[in-house]
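J.: Residue strings, one per chain:
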Amino acid sequence: MAANWIWITRWIAVIGLAIGALGIISRLQAILSRPFKQDLARPRGSIRRGVLYAFTLGMAPWEKESTRLHWLAYFRGIFFHLGVFAAFAVLFASPWLAAAPGWLLWVARIFTGAGAVFGVAGIPMRWIGENERNLSTPDDYFAVLLTSIFTALAFGVLVEAALLPIFYLATALLAIYIPFGKIRHCVYFFFSKFFFGLTFGRRGVIGQPDAS
Amino acid sequence: MTDNGKFTDERFQLTDEKTAIALDVLRKRLNRQLDAALEVCVRCGLCADSCHYYVANPKPEHVPAFRAEQLRKVYRRYFDPIGKLAPGWVGAAELDQEMVEKLINAAFGTCTMCGRCVINCPMGVDTRQIIRTARAMLTAIDMTPEGLKATVNVHLEAGNNMGVSEEDFVETLEWMEEELRAELGDASIKIPINKPHARVVYTFNPREVKYFPYLIQAAAKIFNAAGEDWTLSTESWDATNYGLFSGDDEASRKIASNLEAAINHLGADVLVMAECGHGYRSQRWEAENWLGRAYPFKVMSFVELQAQYIRDGRIRLDASVNPKRVTYHDPCNQARNGGIIDEPRYILKHAVMDFVEMEPHGAENFCCGGGGGMLSMTEFAKDRIAAGKVKADQILATGAEIVATSCHNCLDQLDEIRRHYKLKVKIQNLSELVAAAIIWPRQSGE
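Chain order of the listed sequences is A and B. For the first sequence, the positions run 1 to 212 when the numbering used here is used. For the second sequence, the positions run 1 to 446 when the numbering used here is used.
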């Protein structure tokens, strides 16, 4: 009976992931169908260095005043996202978890457990902070809650394998929601960072030798 | 209509036709870059402290993401499937009278498009682009604040934004030429006008012609000392382009193309922009994109050129002429939005005895509050001066007696800040300090 449940819910997860992937592809198609604004001005700095900086050192906590000042929010976000990535790793490895080495399971437990805690912490932080509360929509709370539940269930699966069917159902729900809610920032992040590096690298403001 | 009740005029009333026009502007401007900027924000609010409005008056409406969110709400309502189906869930909103008022206050009233929030955003959201799009939409439906609208219109009609006649322009140049000859006792000094095939064409901010002619004299002294092959054009000489601030690409294009034509007619190699932050940004970084073609000539800032003259030994400076402590205010459109960060420091290290940085500086410098066309929008003057408190505190902490800068809007705003916050400092253009320190060739026996 339990094996049947796992089989059924696993397929529900696969279908959910497929729907989510289609939604993401549709979002990608939408942005790629828009014109790319060419920059005709002569470059002052290296575009390549600017883009490289945007995706590497530019994300370090000490590089921006905003993250230096709000290090708690920054690290909450970092651990939350690491937890989410770990949860996806658990998901894709779920049919073979029994064969995984013990130390790896412990690493996954730490990441998903911490990720879930830091994820849920985002809800009160968003509510308590006046600025964040004013900016927030129901989607903001739902998205972080859904992702935190998914991450918590990944942790749960590593502790109690019987939670696997629930984890698969949560996966389906999350995957289907990704293209519709704020979680879709995972798609636009790469575009935004690339354009940031492109613009400010070209102008010689970021990522250049002797430039911050 | 707005918080300060200044926009009660009929032209600020939204109609169905205006709604359609504004949305059409948004539709047409939706490129990949803008789409990404509208979609990627996670509303973390980390951008708050990067804005001088917020630092001076920390309220949610002053958070950059909050301002951008006003346009995002409209975008979601009309361009996103979920925003159309469940607007309340994702915070989508109709473009109605209330939203237009919010957009005016957010885009024109409390944002200088300085880009400090962009540099500080963990996601790289280009809020400048969002705000300029909101301004473009409002300008398309004739809801630009009066002063900014008039500045653009005067430029389009008269060829410069203060309506200076060619006669007055030429007379001022001749007068400054005489003054400089008298100052240096050198009758060979020239301010060349419409000289064909000169290497460099220089531009002015009309304020220099009308109120600060001594800055023309300073520039002429530097060019003459460097032995530059330079000229000025009577066809088009205004360095400014307030189309950048109104978001009106058509006006921006027209203004930029007038200057382009003048440089091409003279056959110059280099267009040198006066010490005017947005003028530099407009011509150096935006104009070719507005026009859809690359310039056959190079565009550079007078700040870059002065640094080059010093580096190449074409001008020599005596820093002891400027013994007072000097700090430098980086104009946002030159530093953060244009990469000119090292050059002013190089200049000041040669031109003054005691240079001290304000903190933060360079790409992280705070906007003084005079950007974004704010000085032309008197409706928002009170907030502008209040936001200038951040800059006043920065200046005060340096202990400087002189604040140097290289932008006219900054110069005016810094002077207002000086008076309002009772700072015992003098505000000066970089070229003034350089011109004063020049070792004139005759004095050095050359």
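Don't take every hint at face value.
Stated by the list, open to error - Here are the simulated DSSO-like cross-link-like pairs (lysine-lysine), alpha carbons at most 30 Å apart as the crow flies:
#1 A:K37 x B:K210
#2 A:K37 x B:K84
#3 B:K389 x A:K37
#4 B:K254 x A:K37
#5 B:K298 x A:K37
#6 A:K37 x B:K28
#7 B:K349 x B:K382
#8 B:K149 x B:K210
#9 B:K298 x B:K59
Don't read these hints as lab results, they were simulated from the structure.
J.: For every hint, state whether the structure bears it out.
T.: For each hint, the structure was consulted:
| no. | hint | result |
| --- | --- | --- |
| 1 | A:K37 x B:K210 | violated (38 Å) |
| 2 | A:K37 x B:K84 | holds (27 Å) |
| 3 | B:K389 x A:K37 | violated (37 Å) |
| 4 | B:K254 x A:K37 | holds (20 Å) |
| 5 | B:K298 x A:K37 | holds (21 Å) |
| 6 | A:K37 x B:K28 | holds (12 Å) |
| 7 | B:K349 x B:K382 | violated (36 Å) |
| 8 | B:K149 x B:K210 | holds (20 Å) |
| 9 | B:K298 x B:K59 | violated (43 Å) |
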